[in-house]
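**Student:** Given the coordinates of chain A, assemble chain B onto it according to the supplied hints.
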Amino acid sequence: MIRFILNNQLVETDQRTGGTVLDYVRYHKRLVGTKIGCREGDCGACTVLVGDMEHGKLVYRSMTSCLMPLGNANGKHIVSVEGVNLPADRKGNTELSPVQQAMVDTNGTQCGFCTIGFVMSLTGFVLNENAKQYEAAIASIDGNICRCTGYKSIERAAAILSQKMVDKPGKGTIEWLVEQKYIPAYFQEIKERLQQLKDYTGLKAGAIQAGAIQGDAIQGDAIQANTPGEKIMFGGGTDLIVQKALTVKKSALQHLFDDARLKEISFENEQCHIGASVTVTQFAESKLIQGFFPDLAKHIKLISSTPIRNMATMAGNIVNASPIGDMSIFFLSLDSDLQLSKNGNKRVIKLRDFYKAYKQTDKAPDEIIEKIIFTPPTNSSFSFEKVCKRTHLDIASVNSACQVKLNKDGTIADIHLAAGGVAPFPKYLTNTIEFLKAKKINKEIIEEAIKIMNEEIAPISDARGTETYKRLLLRQLFLAHMISLDKNLIVTVKDILQT
Amino acid sequence: MKNNSGNIDAAGHVTGRSTYVDDIPVMEGVLFVKVFDSPNAHGKIKSIDFSAAEQMEGIVKIFSCKDVPGENQIGGIIPDEPLLADGEVHFQGQPILLIVAENEDAAEEAIKAIKIDIEPLPVITDPREAFKQGKLLSVSRKFVKGDTGNAFTKCKYIFEGRTESGGQEQLYLETQGAYAYPIEHNSVKIFSSTQGPTQVQRTVARVLGLGMNKVEVDVPRLGGGFGGKEDQASAWGAMAAMTAWILKRPAKCIPHRMEDMRMTGKRNPYSSDYKIGLDEGYNIMAYEATFYQNGGAAADLSPAILERTLFHATNSYHVPNVNVTAHSCKTNLPPNTAFRGFGGPQGMFVIEAAIDHAARSLGIDTTLIQRKNMMDNGDEFPYGQIVTECEAKHCWDEVVNAYDIEAIKKEVNTFNQQNTFHKKGLSMMPVCFGISFTNTMMNQARALVHVYSDGSVGVSTGAVEMGQGVNSKMIQVAAKCFGIAAERIKLESTNTTRVANTSPSAASSTADLNGKALLDACDQIKERLFSFIKTELTGNEEERVEIKEEVVYINDEASVFNWKNLIQQAFIKRINLSAKGHYATPYIYYDKTTEKGHPFAYHVYGTALTIVTVDCIRGTYEIDEVDVVHDFGTSINRDVDLGQCEGGIVQGIGWMTMEEVVYNENGKLLSNALSTYKIPDIYAVPKKINVHFLNTDGSDLAIFKSKAVGEPPLMYGIGAYFAIRNAVLAFNAKASVPYEAPITPEKVLMGLYGN
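If you're matching them up, the sequences are chains A and B in order.
Just so we're aligned, residue 1 is where the first sequence starts under the numbering used here, counting upward by one.
Just so we're aligned, residue 1001 is where the second sequence starts under the numbering used here, counting upward by one.
Simulated from the structure, these hints should not be mistaken for lab results.
Where is the CB? At the ideal position from N, CA and C, for every residue including glycine.
A portion of the hints provided could be inaccurate.
[Unchecked claim] In silico lysine to aspartate or glutamate, DMTMM-like type, Cα no more than 25 Å apart, as pairs: (1) Lys1154/B to Asp1379/B; (2) Lys350/A to Asp486/A; (3) Lys244/A to Glu1595/B; (4) Lys29/A to Glu1108/B; (5) Lys249/A to Glu1108/B; (6) Lys1142/B to Glu1595/B.
[Said to hold, decoys possible] Some but not every residue of chain B turned toward chain A, in silico, with C-beta under 7 Å: (7) His1013; (8) Ser1675; (9) Tyr1683.
[To be verified] Over the 12 Å line for every Cβ pair with chain A, so calculated as not near, a few chain B residues: (10) Lys1044; (11) Ser1138; (12) Gly1223; (13) Glu1280; (14) Asn1401; (15) Tyr1587.
In isolation and in its complexed conformation, chain A is listed as follows:
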């Protein structure tokens, strides 16, 4: 049995845990404000807010309900547009929230089909106690596609809202938002109700039973496997539901998303440990990680969208083994290790040894990734590059990350270089790396490295570009890495590009 709070109502369902929240709210609860646009997390028309306790605080995050399995809603507060509408009076008239009013006043809505998604995302922005700036308002809707407006009117709505957020208090945000009529009053009780719900289901915040990663479904009987047979290890859903929604719906799932022991980010023995179920957002928000990657926000902005980053897990990206997985490329260039576990037996493997062939990894079916471990690039330079048809919310044509440590004499002490979209799996460019070690970077060395790089990649032509383009693009991204390493190399790069 899955239990959660849907808007202002406690719901219990014995629906399959792999069915989507989208289908549940629309077709079982007839909350049809939430729309179906693409069912692959790429349009945001189905955006809902998901409230959960994080470090003792009630935090709301936007998620695309089309990729969210019911199992991941367990013990949380799910908010659809009906749940942010202010209560109607006796005549059925509803006052609009300032978010809704801003969208009306700026004509931020035309056909209206995507509008609810924008309203939910912007409500997520106002619910975030730290978010006040215009840029944050825009970032909150980076996963929402509109085909009618050209976004300019929606930008004007975001500007109005960020202006209003100047007065938002850092503490008591929900009370203030209720007072200002951004959200209905029932939000004030949600924290307590969630606590009761978690106590009732045994889902105490931050204390999931040991059974979870041993192969049981979350919480023993809280979410029972519906069907016997092999279980699917399930994280955020952002890949699995896109690729095989029907299979997921019909299978028994082992939900790993909310397993507290897989959600930790820590620093031990000079190494970062990133739990498998840490989301991209949590990774990006970590002060520890931010300290090691000065350009982290810039890099993360290139990776999917806010609602997807709120759902996508670290291990999910790695296990999916997509040739262009952004986080996979990121971690490859950090020469990360993976800690895997099967029935309590743990092992550690280099990420670069994890990929075997297209969509094949070293992981056994009943094995899970527990964490990713890497040495942060404290004495080295790190850069991440990604080019796609659309700069944001797109899958890379080619992506690449590079970490270089230089000796005092300017020779390369250590280098890790990875690229996506150029091989059947995320590619650690071993030969190029070996060549570059101990070399001093100059025009000839860069050109020779590019030759070697071209020999060790095998891009294919597809919707994201031709083989020729991908080879050229990787060269360009490698040159961008070089400029990022040392601004003075811009002259060398210019020289290379003009010959």
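**Tutor:** Same frame as chain A, now just chain B:
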């Protein structure tokens, strides 16, 4: 809705209360219809076995072409497209079977159990190859003005070349779909997401072998259409209706996004040749072009789109000698169809490329040739219409002055000198777009108005609300005519039993045609009310009566009557408070045998300045600014019109930049989902869009002189292509950048370094 601004539907949209087809509460026993579509782009169906699938749990029925009760035909202009494939398949995604199930999951499982054996036939995806093999969907067309052959002999400069413009997926956020249920008297009612309710009705009647009177189509609203639901909504309507009618149960047929993308057509890709000739003063003396339109596997709307390409082949320019030919080529792709601009953008892209080619070769500024050859009053379009109320130069010069183009050019040059790997480019894009359906017959509309005895008003027209704000404009028309508050008026759904024989909401003409019909209906009622006031209440027929803000004024003096008690009195006195309005655009005609006439009620003008920055390491780009001067006439709703303008610009930029429809050589759509087909997101749009409203007299044929605004702004997006190309050439003057759109980051990078 505020007076004269805003969108009446906005509050419903932001609260999630607006109703789209899939939101309508379904009746008990509803069935779900899924399509089994062709895995091959061309071939003979040797055998098909769905016996196992039909036995599966949850499957109610599987329909093939043999089950179609009437005619298995959905072709709108030309009857060349079956609802369900019969013996042959002509594109990947062509519907073959309908799987009717108790739920969608069951239908999806059943599809996997269907076995089909198709003998492959040769696949053509290239329109020129189709032309070579004589495969045409309709009669080729040619517009001739003057004598280009003779003119070219006198030209000092002649340039020839080739262009390609790609397809474009409409990507309405709400996919196609319909929900139908049987009603008594052997009839059927369909809720359809369509721009053309009558087209769905006509198609369903044909497929079921019924009179149109037995098919009722109701359209609550659309989550976007953009042309994609003008003709291609019919198939989904027919599938739902056929299921409901035969099985006597409600049925829903709504494709998932990927099904919609692979089964429906898109903007027609074009491959074109041009030849342009100039005299020594850079006057364009002659222009020839041949357009090879990729029509896909069936005619659909392609013949009409082809025609509009020719109508706009010379865009805003006066060219004394013109000879342009267009071929609609049959390929093995889904039948391509309408998309905002309807062939116009494809035609304009070619002459802009030709002018750019000439200017580049002559080493002069493109804008010099553009401005010098801009049309003016008294000029003649290649199709014989005389240019009147021309605002082409007016718009262009306003852009030059208002946005200080000379200063911008200097800034761009300075930036380019100071930056190694970032280059800016700019372009000017003028637009002249004809308003009316080019098929004269379609320029008619009707409206039905009821004034209820309590003074509230119900309005029905043939207009379909799909985000373009036509509901708001219709309410404004009725409110203005009656002199009453907008809140008193309700706009009804679009329904074929209330307003019959409608033209689709398309060609930018919806507000004009339906607004004028509505005005006619309102005027009739007003006339009766005024006559009632004069004869029954004042006894003097010479009185001057008007209603302002719901108060009845007699000879400029407020009377005791307001709207509400006036209506009560009139009802008691048995005055007819309902009226049907009709409108047919006057003056327009067109003779296809001579290809001359006066096809357009009026033209809309404008010019856009586009500035971009290209990252010459990565091949990516940003649109810095689009500055527009647009001829709105006297806008009745600036909010709605600004939204149309901004939205159109961004859609046009999408077409020219990142939106790339990719089929492989087997006719399989590779850009088949939102993950592989990218439309602009909030970070991809121009950092600034400035729209300057050029207030002009408008046209009497526009509703309240507020000019049509749906399609014209899309073509400003063509400017983005040339601005990006110019930036690439600023980095590498020898770069080879063929005139091929979209100019994706791949094309940019290949242009920068490909050779």
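**Student:** If a hint holds in the structure, say so; if it does not, say that too.
**Tutor:** Quick rundown of the hints versus the structure:
no.: 1; hint: Lys1154/B to Asp1379/B; result: holds, 21 Å
no.: 2; hint: Lys350/A to Asp486/A; result: violated, 29 Å
no.: 3; hint: Lys244/A to Glu1595/B; result: violated, 54 Å
no.: 4; hint: Lys29/A to Glu1108/B; result: holds, 23 Å
no.: 5; hint: Lys249/A to Glu1108/B; result: holds, 13 Å
no.: 6; hint: Lys1142/B to Glu1595/B; result: holds, 8 Å
no.: 7; hint: His1013; result: holds, 3 Å
no.: 8; hint: Ser1675; result: holds, 6 Å
no.: 9; hint: Tyr1683; result: holds, 4 Å
no.: 10; hint: Lys1044; result: holds, 29 Å
no.: 11; hint: Ser1138; result: holds, 29 Å
no.: 12; hint: Gly1223; result: violated, 3 Å
no.: 13; hint: Glu1280; result: holds, 37 Å
no.: 14; hint: Asn1401; result: holds, 23 Å
no.: 15; hint: Tyr1587; result: holds, 32 Å
Checked against the numbered hints given earlier, the structure breaks hints 2, 3, 12 and satisfies all the rest.
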